[in-house]
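K.L.:
Could you put the whole structure together from the sequences, leaning on the hints where they help?
Chains L and F, in that order, give the protein sequences.
Per the working numbering, the first sequence starts with residue 193, numbered consecutively.
Per the working numbering, the second sequence starts with residue 211, numbered consecutively.
The hints are simulated quantities; they were obtained by calculation from the structure and are not laboratory data.
None of the hints are false.
Okay, derived cross-link-like pairs now, PhoX-like style, lysine-lysine, Cα gap no bigger than 20 Å in a straight line:
1) L/Lys528 - L/Lys441
2) F/Lys588 - F/Lys624
3) L/Lys528 - F/Lys633
4) F/Lys554 - F/Lys588
5) F/Lys633 - L/Lys560
6) L/Lys528 - L/Lys560
This is what each chain is made of:
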Amino acid sequence: MTPVESSLVELFARDPREPGWLADARLEALARFRARGLPTSRDEDWRFTSLAPLAPVVLERTRPADAEDGAAPVAALLARAPGGGGPRLVFVDGRLRPELSAADGLPAGAVVASLAQALRETPALVKPHLGRLARPEEHAFVAANAALMADGGFVHLPAGATLDAPIVLVFLASGARPALSSPRTLVVAGEGARASVAEVFLGTDGVYLTNAVTELVLGEGAEVEHVRLQDESRRAFHVGVVVAEQQAKASLAAHALSLGGRLSRSELRTRLVGEQASVAANGLYMADGERLVDNFSWVEHAVPRCSTTETYKGVLDGHSRGVFSGRIRVMPGAQKTVAYQMNSNLLLSDDAIVDTKPQLEIFADDVKCGHGGTVGQLDEAALFYLRSRGLPAAEARGLLIYAFAAEMVDLVRAGSLRAAARDLVQARLPAGARLLEAA
Amino acid sequence: MTTAQQLKELTQQKYRYGFVTDIEEDKVPRGLSEDTVRLISAKKNEPQFMLEWRLKAYRHWLTLEEPTWANVKYPPIDYQDIVYYSAPKQKKPLASMDEVDPELKRAFEKLGIPLAEQQRLAGVAVDAVFDSVSVATTYKKKLGDLGIVFCSFSEAVREHPALVEKWLGSVVPYSDNYFAALNSAVFSDGSFVYVPKGVRCPMELSTYFRINAKDTGQFERTLIVADEGAYVSYLEGCTAPQRDENQLHAAVVELVAHEGAHIKYSTVQNWYPGDAEGKGGIYNFVTKRGKALARAKISWTQVETGSAITWKYPSCILQGDDSVGEFYSVALTNHRQQADTGTKMIHVGKNTRSTIISKGISAGRGQNTYRGLVKMMKGATGARNYSQCDSLLIGDRCGAHTFPYIEVRNPSAKVEHEATTSKISEDQLFYCKQRGISDEDAVSMIVNGFAKQVLKELPMEFAVEAQKLLGMSLEGSVG
Numbered sequence: 193m194t195p196v197e198s199s200l201v202e203l204f205a206r207d208p209r210e211p212g213w214l215a216d217a218r219l220e221a222l223a224r225f226r227a228r229g230l231p232t233s234r235d236e237d238w239r240f241t242s243l244a245p246l247a248p249v250v251l252e253r254t255r256p257a258d259a260e261d262g263a264a265p266v267a268a269l270l271a272r273a274p275g276g277g278g279p280r281l282v283f284v285d286g287r288l289r290p291e292l293s294a295a296d297g298l299p300a301g302a303v304v305a306s307l308a309q310a311l312r313e314t315p316a317l318v319k320p321h322l323g324r325l326a327r328p329e330e331h332a333f334v335a336a337n338a339a340l341m342a343d344g345g346f347v348h349l350p351a352g353a354t355l356d357a358p359i360v361l362v363f364l365a366s367g368a369r370p371a372l373s374s375p376r377t378l379v380v381a382g383e384g385a386r387a388s389v390a391e392v393f394l395g396t397d398g399v400y401l402t403n404a405v406t407e408l409v410l411g412e413g414a415e416v417e418h419v420r421l422q423d424e425s426r427r428a429f430h431v432g433v434v435v436a437e438q439q440a441k442a443s444l445a446a447h448a449l450s451l452g453g454r455l456s457r458s459e460l461r462t463r464l465v466g467e468q469a470s471v472a473a474n475g476l477y478m479a480d481g482e483r484l485v486d487n488f489s490w491v492e493h494a495v496p497r498c499s500t501t502e503t504y505k506g507v508l509d510g511h512s513r514g515v516f517s518g519r520i521r522v523m524p525g526a527q528k529t530v531a532y533q534m535n536s537n538l539l540l541s542d543d544a545i546v547d548t549k550p551q552l553e554i555f556a557d558d559v560k561c562g563h564g565g566t567v568g569q570l571d572e573a574a575l576f577y578l579r580s581r582g583l584p585a586a587e588a589r590g591l592l593i594y595a596f597a598a599e600m601v602d603l604v605r606a607g608s609l610r611a612a613a614r615d616l617v618q619a620r621l622p623a624g625a626r627l628l629e630a631a
Numbered sequence: 211m212t213t214a215q216q217l218k219e220l221t222q223q224k225y226r227y228g229f230v231t232d233i234e235e236d237k238v239p240r241g242l243s244e245d246t247v248r249l250i251s252a253k254k255n256e257p258q259f260m261l262e263w264r265l266k267a268y269r270h271w272l273t274l275e276e277p278t279w280a281n282v283k284y285p286p287i288d289y290q291d292i293v294y295y296s297a298p299k300q301k302k303p304l305a306s307m308d309e310v311d312p313e314l315k316r317a318f319e320k321l322g323i324p325l326a327e328q329q330r331l332a333g334v335a336v337d338a339v340f341d342s343v344s345v346a347t348t349y350k351k352k353l354g355d356l357g358i359v360f361c362s363f364s365e366a367v368r369e370h371p372a373l374v375e376k377w378l379g380s381v382v383p384y385s386d387n388y389f390a391a392l393n394s395a396v397f398s399d400g401s402f403v404y405v406p407k408g409v410r411c412p413m414e415l416s417t418y419f420r421i422n423a424k425d426t427g428q429f430e431r432t433l434i435v436a437d438e439g440a441y442v443s444y445l446e447g448c449t450a451p452q453r454d455e456n457q458l459h460a461a462v463v464e465l466v467a468h469e470g471a472h473i474k475y476s477t478v479q480n481w482y483p484g485d486a487e488g489k490g491g492i493y494n495f496v497t498k499r500g501k502a503l504a505r506a507k508i509s510w511t512q513v514e515t516g517s518a519i520t521w522k523y524p525s526c527i528l529q530g531d532d533s534v535g536e537f538y539s540v541a542l543t544n545h546r547q548q549a550d551t552g553t554k555m556i557h558v559g560k561n562t563r564s565t566i567i568s569k570g571i572s573a574g575r576g577q578n579t580y581r582g583l584v585k586m587m588k589g590a591t592g593a594r595n596y597s598q599c600d601s602l603l604i605g606d607r608c609g610a611h612t613f614p615y616i617e618v619r620n621p622s623a624k625v626e627h628e629a630t631t632s633k634i635s636e637d638q639l640f641y642c643k644q645r646g647i648s649d650e651d652a653v654s655m656i657v658n659g660f661a662k663q664v665l666k667e668l669p670m671e672f673a674v675e676a677q678k679l680l681g682m683s684l685e686g687s688v689g
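P.N.:
Here you go:
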């Protein structure tokens, strides 16, 4: 067992106040994790992503008292998180900070709370869904999260509920020590409910592992936008798994912006189980230095007349490595499926690496499916044009990179989330400050 | 609906080339051990280096596990229940066609490729491999005058050991993979081609492989070396008799294209696919790879309609600067056939280019997987790849899967991959029909149009056969 594996096992300690069913689920998940261990590059799904840099890290348990330590960095980090005036919950090192959180102005019957709170106060809303979609037996990191999860967001939207302002869940890492946080979020959207939910992961410096799992349950006709903004510390490790299930006519717009982390992985897995369900899976990843950013998506069309549009874009500089693996699976009988998948990559340096694997697996005939992948560099002619108009080299490059990346930012519907995403992206660009001013 | 009927007829066509030829055979006992390897080598009077190479391969094979990553399913193969060598017993060297066993000649006639016909058709020399040993080689003298060596692999080992020793395993080492290692240990025969510097081979070289003796896996080994500036076009076609037991076919093909050389390798593969219920059929686990030096070009064209299971990735290592790799493929699976096929383009040199055009047609309960790798290595400055993989689905119980892998290590390399999957377009059918074109012709036109980009890459001799194999009339629009 590597240090990280053994520390995950050691971190395990049940809270005696927890309900029995949850304690049992933790024990089972821990056993699954022990049996499975962390994935290696021999696992096809992890072929290009080596967890070797994580292996020597010894993780500590974060204690609630620690939260008081990092007041200054917390304030600085929080300034970068989107506001938007809607409900916002702030977690520091995986634990809720009530004094920084607010959840007012919700429609009748809607719940936005921390998961721990929901387990205490409304367990009947949580129990039927927690761990139903994200199954420990299928994924080592999901198993570790299921065993160790402490807190996270819980959103329950009754039928017809509509929230105009986005629900923002902010997960801050104080980065004081190599620590593990296991945020767990559950969103249950009832029939016809509409909302935007953002999960924002921010950190300044430090080595730590965020192992986040999110379950999205979309009832008939529900419309959910889920935005993941990941801008962790450049020395941090981040694994985020989003698992969704969509009933008839449910539409999910999932955005994953992966900007930080030494090694990060963002997964989206969704099953379209009701007719005319649709998913838009969008991703933008940017990396430089020695960083690795991995995107994994898996969409299953189980019934006819559903649609998928998937677009992932990558910008890679320095010695960084970008990985994309996307699979669309059309099950037998899922006729009239429309599914498109695209992955484009921009390589900015001689040493950046891209590995991409867009995959279609189709078991029905009356379908329209396509996918594409491209890898290229900045257009010299465009750069020359901008330079000839008097733009300094860095700004010209920044502008062209932004033009490439902006498509993904602009797809975010909720205005405050889009603005926050744009700021985080621009902060990563050459001469980004100048561009921010101009915008 | 007549279209549906026609599709049904098409997808349920009986395998027309199923028959067994009775010829006395020389076999080694079932099973695989060092003794089997030594026996095969001894039977073929091989020099010491060959035996040692085979033994190294065999010992390495023992350390390997059968790969399971391919998107195909089959019952486990008992490697000890296979006859690894069988040769027709008549052994005298043949001076002319008249000496060829009449039974054998009739077999080729039934396949529609009579040797006499081939001989008459100027421009085609045939090295017919019947089971594992070549029994007839034609046009040898004409090629010999140009310094071109075209013979069976066994003959090459005897007559040109230096060439064989130099190039054998240089592209596909015996340690490459499970089936390549197995082939290296027990390969029985195959073809060898050497085209000297600057020579343009004046005719299409072709070989027809057939599996004949019951239960004998056929392990061919083909090696083609084109020296600087040479050109050769090689055709390989196969049909196999109808069998109930699965037969293992693990071939290895190596191509070496020196500076400025051009090798064009075309295949029509029509091994027995098994019956409609998936009983029987050939397991076709093939390793094909070419190495292209500076300015060289390697072009793979394949029409894969047969075999119960196809596992095949003709690849190009574009080692030299400005070298070019091409892969054109039509793969058709129907009934319960499974194909996991594609290519690998490894760009090593500067300004290397590759094109991948893959057309998959799935019908019945067929499962068709495209699996391809495009790898741009660090030094592949200015390299370019274009891949297009289209799938056509006929019927609602088949499957089409596309698994491309793109690995880029150089920022100036440009890679594009596109794939589409759809069923035969009802709009197109309707359009054809309202112009007075019959259902049958409309379907043929659409399927032919779908595959045309690949079929037009085939040499004339094969284009006809390929069209027949696709079961469509091409209206003379392809060739």
